[in-house]
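Here the structure of chain C is known, so what remains is to put chains U, F, H and G in place on it, guided by the hints.
Heads up: the protein sequence lines correspond to chains C, U, F, H and G, in order.
Position 284, counted from 1, in the first sequence is what the numbering used here calls 287; the numbers after and before it change by one each time, with no gaps.
Position 347, counted from 1, in the second sequence is what the numbering used here calls 350; the numbers after and before it change by one each time, with no gaps.
Position 96, counted from 1, in the third sequence is what the numbering used here calls 99; the numbers after and before it change by one each time, with no gaps.
Position 174, counted from 1, in the fourth sequence is what the numbering used here calls 177; the numbers after and before it change by one each time, with no gaps.
Position 342, counted from 1, in the fifth sequence is what the numbering used here calls 345; the numbers after and before it change by one each time, with no gaps.
Do not take every clue at face value.
As the list claims (entries may be wrong) - Straight line, CA to CA, 27 Å or less: simulated DSSO-like cross-link-like pairs of lysine-lysine: (1) C:K356 x U:K354; (2) F:K86 x C:K208; (3) F:K103 x C:K103; (4) U:K356 x H:K208.
Unchecked claim - Okay, the calculated bits of chain H under chain U, using three or more residues with CB under 8 Å as the criterion: (5) 12–21; (6) 97–105; (7) 218–227; (8) 276–286; (9) 335–341.
Said to hold, decoys possible - Chain H regions said to be covered by chain U (calculated; three or more residues, Cβ under 8 Å): (10) 201–214; (11) 322–332.
Hints listed in this document are in silico derivations from the structure and should not be mistaken for laboratory results.
Glycine included, each C-beta is placed from N, C-alpha and C at the ideal position.
Single-letter residue listing:
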Amino acid sequence: MSLLGKSYNPPGTPPGSLLAHDRGRLEALRISLIEYNDSYFEERKAISVDECRPYLATPTLTWIHVQGTAEPEVLHNLGEQLKLHRLALEDVLNTGQRPKAESYEGQLFVVLSLPNFKNGRIDISQVSLFIGADYLVSFHSATDDPFEPVRKRLREQTGRLRGLGTDALLHALVDLVIDQGFPVLEGFGERIEELEEELLQHPDKHTLAVIHQLKRDLLVLRRMLWPQREVINSLLRDGHHLIHETTRLYLRDCYDHAIQIMDLMESYRDMAAGMLDVYLSSSSNRLNEVMRVLTVIATLFIPPTFIAGIYGMNFDRSSPWNMPELGWRYGYAFSWVIMLAMIIGLLVFFKHKRWF
Amino acid sequence: MSLLGKSYNPPGTPPGSLLAHDRGRLEALRISLIEYNDSYFEERKAISVDECRPYLATPTLTWIHVQGTAEPEVLHNLGEQLKLHRLALEDVLNTGQRPKAESYEGQLFVVLSLPNFKNGRIDISQVSLFIGADYLVSFHSATDDPFEPVRKRLREQTGRLRGLGTDALLHALVDLVIDQGFPVLEGFGERIEELEEELLQHPDKHTLAVIHQLKRDLLVLRRMLWPQREVINSLLRDGHHLIHETTRLYLRDCYDHAIQIMDLMESYRDMAAGMLDVYLSSSSNRLNEVMRVLTVIATLFIPPTFIAGIYGMNFDRSSPWNMPELGWRYGYAFSWVIMLAMIIGLLVFFKHKRWF
Amino acid sequence: MSLLGKSYNPPGTPPGSLLAHDRGRLEALRISLIEYNDSYFEERKAISVDECRPYLATPTLTWIHVQGTAEPEVLHNLGEQLKLHRLALEDVLNTGQRPKAESYEGQLFVVLSLPNFKNGRIDISQVSLFIGADYLVSFHSATDDPFEPVRKRLREQTGRLRGLGTDALLHALVDLVIDQGFPVLEGFGERIEELEEELLQHPDKHTLAVIHQLKRDLLVLRRMLWPQREVINSLLRDGHHLIHETTRLYLRDCYDHAIQIMDLMESYRDMAAGMLDVYLSSSSNRLNEVMRVLTVIATLFIPPTFIAGIYGMNFDRSSPWNMPELGWRYGYAFSWVIMLAMIIGLLVFFKHKRWF
Amino acid sequence: MSLLGKSYNPPGTPPGSLLAHDRGRLEALRISLIEYNDSYFEERKAISVDECRPYLATPTLTWIHVQGTAEPEVLHNLGEQLKLHRLALEDVLNTGQRPKAESYEGQLFVVLSLPNFKNGRIDISQVSLFIGADYLVSFHSATDDPFEPVRKRLREQTGRLRGLGTDALLHALVDLVIDQGFPVLEGFGERIEELEEELLQHPDKHTLAVIHQLKRDLLVLRRMLWPQREVINSLLRDGHHLIHETTRLYLRDCYDHAIQIMDLMESYRDMAAGMLDVYLSSSSNRLNEVMRVLTVIATLFIPPTFIAGIYGMNFDRSSPWNMPELGWRYGYAFSWVIMLAMIIGLLVFFKHKRWF
Amino acid sequence: MSLLGKSYNPPGTPPGSLLAHDRGRLEALRISLIEYNDSYFEERKAISVDECRPYLATPTLTWIHVQGTAEPEVLHNLGEQLKLHRLALEDVLNTGQRPKAESYEGQLFVVLSLPNFKNGRIDISQVSLFIGADYLVSFHSATDDPFEPVRKRLREQTGRLRGLGTDALLHALVDLVIDQGFPVLEGFGERIEELEEELLQHPDKHTLAVIHQLKRDLLVLRRMLWPQREVINSLLRDGHHLIHETTRLYLRDCYDHAIQIMDLMESYRDMAAGMLDVYLSSSSNRLNEVMRVLTVIATLFIPPTFIAGIYGMNFDRSSPWNMPELGWRYGYAFSWVIMLAMIIGLLVFFKHKRWF
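Chain C with its partners taken away, still in its complex shape:
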């Protein structure tokens, strides 16, 4: 994902234009469909837009799921049949949208960000949902399908989802997308704890890059998840006629989860900032300590080297005043005594000052 993280039409393009983006990752688009109500369940995989048409006419609920990078033609086709607003379709195509909830005559359009924690890196894909009275169309911009658990609940009739309206299905999908934040944050939490361990044990240059990466990932994650809270809040508050009172109770629970995730994220950001401080401090400490020991060693030997230099001088010993020590019987031992005294004196001094 580029840093911008967002596809956009060139400035000046008429709003609602559906332009293909050459993002080099055009996987085959897969459309699946589930037709259900309390007593009926039919599932179709890998069908075409045209095959969806008859299902939309029936009174049973229809969930169309479009997996992969959307193509302008498919979108246009779907949009025609379901009367989806062009501005909303543009947002489906230009992924990297800020999460939002908007209503277009009788329809609700919701954009969410689905975070994923793969190989220690964060990956964010876009989930776009159109909700009408008896249909829900979902788009997911990545390759792997996150909605299988919901499909299974419908298929196996766990919970009461089958007997409820599209708002309950909407809640199930939103809930899944929001809750996806927990394992992601758990992954971050583990990464932080490992880093803290590493930080106090043996910080190195690599640690800095990892902390920087962590901070950047949290920054991106926060930008994409922060508005999600507001999206659910607006679903709760704006009283759209498609959302029933009972669903509202469940959305409140969802809102709660979204807030917990934001709280955690903020804590992690603070922790990452704190780790940077500790890194800077302990890495500087460590380097200074090295320098201190090195300098101690050098400093120990410089004064006695001076003494050795003294007695290496070649003054003319014919004068009795010149270097009489050289003629002493124990002159050499005397010089060693001085030199060792210097070394030991410094050692004691350093020890006393706790520089070792």
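Coordinates of chains U, F, H and G only, in the frame set by chain C:
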């Protein structure tokens, strides 16, 4: 406690599912019950859910307290009898919830965080409360029971608690949980003062880790206590029919305490940040000072060593121009004078510059 | 652009005075005009103010565009004909205005900032728009004309712009100005990614200046774009009679884009701050590492130099106690052994401490 | 004052319990009383609670002032006679309260923080006020009496205070407490200016501790004064029946002062933070400079020492290729030329680089 | 100006007391008066308060301007005649007030801060305005008169000021005070640009003090100008009967300018903070670089000095094992080869590592 600090169901699980979490600390669950009114008091310890049933049917007030990690089956059983909402039960089970107050038809559900300061570390457990017209069910996710003082007040009929409704009991419990913040912050305050002492006297590597730990603890504490203020405020403001006007006055006092605790917490956070600055500065000062003294010592001896090197040269003294000093009568003394002059000159210079 | 970025009249000047600013970049002013409705289209380039007059009297929509630094006389002339408010005209002349939307009896006055990313530097020009029931006058304070795409849409009748009112034209222009933020931010994003690469590979003094420049550019950009969000919001919210309901829907989309741009900008600012931290840290690390290696080398040779100094002393060997090693058969080898032992010992010690 | 700065009852204590705190500074409690109206004035010092009773029954205004640490029995006694709410009395006893204004049936209860600048340190005491229709009871938790100026105004009938109600007396006391912030901040201002002087002249280790202390004092001061603004605002806004319209005008003035004090405090906090930055930078600069000069000195002598070492080698001069310089007539002078050239070359180089 | 920047009465003084402050800069007070309406204009300079009286009685508009430090007696005298509120007069006397707008029965009282950029330093004086139906009294606490441009507009009848009410005059004065911020900020902008230049070219100790001074000046400026925005907003919003609708439009423009000034100020503060970062970094870089080069030089010579030391040893060459190199024909050359190899080897190594 893991950094996430929160149990959660896997994304896609139907909301309200009660799943067991393998947290490796499943202590025996203990249920206790107090049945009381103005003139009656009965206390039962270590009873089963089924034994609670007859007490719930009576008009006297019933306080059921569940101590320890809740088990899905127990919760489910209790939920059935008291008609507790499944979403609320899920929150009881998935501890580490953000404090909140929610109302489900005729019932009030309150989640609080109970901080504890043990062995210099912070530990946070979850208190969940269900309040109905004539019962209160409390859950506490840790081993030790914090509510004994309230039980004693009921038992010994101190204060007017026995003559009042479940809202007064709710206030007594909330008040106790909030006020628990004061000794915890007092503990932090002492830790900070010790650290400041240590910081100005002899900061070492360990100090950094302790400051980092302090900041992290305050971060976690803040995340868990901050919403508590809002919880009490919503109890005050939302005018739930279970909360009477007189209790409201006492809750206002409670709210006041919650705000004072948050104020203190913010001050402590600022102090911890300030301590980090001082640590960084004084540790860098200390190391620099060491280097300075070491370098001063080395610098004192390098110039005279150069002089000694000069007179250790072996130029052919047959030329009168070569090293005449070596033939001087007081050549050696002369060299010492030069060398000592260098050393003393540097010492005076360093002293003048206050580098010692 | 000076740091102030804003032209202003001297304090005490009567409000609404149109004073020329000697900004040394008075390019020829170019006025162009488009007269259109659903079925009619006429385009005039490089015309005078007086030539505009007849077009204004017709019921068809008139779009007058003034390109380049406005001159007081031209503005005054235009203002007279279109009854533009003097305070608004002052704002057109004194470029560097904060984006704003204001209404003067029946007229809407909108000021926007148009960012441009040229040669790695940011450049911001002012777009001022007067909107009446059947005319729109636009001013752009720079040399190059950004509105060609809109002109082309009118000319070639792409989209439905020709059939709608001046509010649709207003939206088209605002949309274009806002969306201009995306390529600018994309440019910034690439600059940030290059910088991050450079930062981790080989940071140098230049990198610091570039990060500083980036931060400053983002600061200026933010100051000029931040209020834009509020401008669109006020167009949406204040319910000016010139803005129709359908246009409102499109403006909402525009508002969305403005928020995304601000979000990205904030992320970039955080990233730039993070990069500064990394720069400081890694540059200090790098320098410290150099010092460490240098000091290691010096420290390796100082102790053996001391030994060499010892055996360079000239003690009188007539005393058997003086320097007997000099007379040993393998004295020289012995000294080498000691010296090499010292070097190797230190090397092993340094290796063990991982100082290499 | 401990860092917590607040007395509290153990968690679980019934609200409104009056418990004695062993704070080791129980000075004798002094109660004084002033009975006044437009034409009457009586002052009593050092009286007992029981002696106050008859004065309370009269229609003249009664101001009871309790100086020193309150004792539970005295409070209880006073509370009984004046029907003061137990929760309020608890707040009087547990000093270190957050400033607040609360109303209990017909009574107003106000808590304020009175800062004091003694010997360069800040000291904060609590002022608690109960206001009824014809009485005002004030408590001050420190030894020295701050309210003498108001007493004097009543005694000498300066201003119109004698002819007005208890709300005017309340204003006079609140005004005095708030305005006490000005001399305190003036003291801080002088301290900051001295520090800045010291900072730029000769910063030392002590300076750091002083800046840290200043920041901490400002932090504590801010925590205690910040809510004061809100207290006055609530007196202004809540329209308590005891506060008359004319007094409101004067309270607005008071509010203004409170805001100015907060503004100044924030500026001082920013300045203190700025000073820390300057300290860190200039202390690091100073140390680095020392190291630079030292290293310059050492570096000057190392290369010539190498040359001296060369000519101190003992190669066998029987080979004409070995050390011919030693036999030169001007060999010694030659070596000095080389060595001095090295020293001078380095000096010129260092000078050119401005390293001196 | 002291750091507190504010005169205040001692705590406990009755509100509204007019006390003289010994600020050592009591210049002669100058009162001037302009009497005007659409067709009449009279200007009086240096008159006494008593001479003003007859002008106040006429229906024409009267503008009394008091220049210099106000004296209590003059204020008291003026206050009596114009029925100015004592609290407002106290604010005129105690300069350094926070800008504010207050209304006292039928009168509007406005306090503003007038910044001035003299000799690279900021100076702030207080402008106080009383506005009634047919008079405006202005006070300015400094020596030089800023209002001459407005006086000239009245005198020469430029603009429509003469034909409008006191609210238009109020706007003219407020506009002038606010707009004074632009040249001040332009001055700051130039100072910042010079500093940035200096910063990247040759930062020294002086630069730090200048940045610190700049930050402090911006802090003071911000504290005094920030509330100004709110003042104008309250004039706009509170709908005081003295402010007419047309003036409101002009005040809106004024408000706009106030916001632009605050925006710029915030940007400058951010830039100043950024400059401090760059200063710290580049000054530390510069010092480190010096140390690196110095250490490189020292490190180059230490290893060959060791070699020279070796061949300066005096081992007894009678043993063939002792120092045979000394006897080699090319021993000396051999030693030079080794030493040069060491130096060149290190140079190549350093070059390769880019340490030069």
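Taking the hints in turn, this is what the structure says about them:
no.	hint	in the structure
1	C:K356 x U:K354	holds (20 Å)
2	F:K86 x C:K208	violated (66 Å)
3	F:K103 x C:K103	holds (25 Å)
4	U:K356 x H:K208	holds (17 Å)
5	12–21	holds (count 7)
6	97–105	holds (count 4)
7	218–227	holds (count 5)
8	276–286	holds (count 4)
9	335–341	holds (count 3)
10	201–214	holds (count 3)
11	322–332	holds (count 6)
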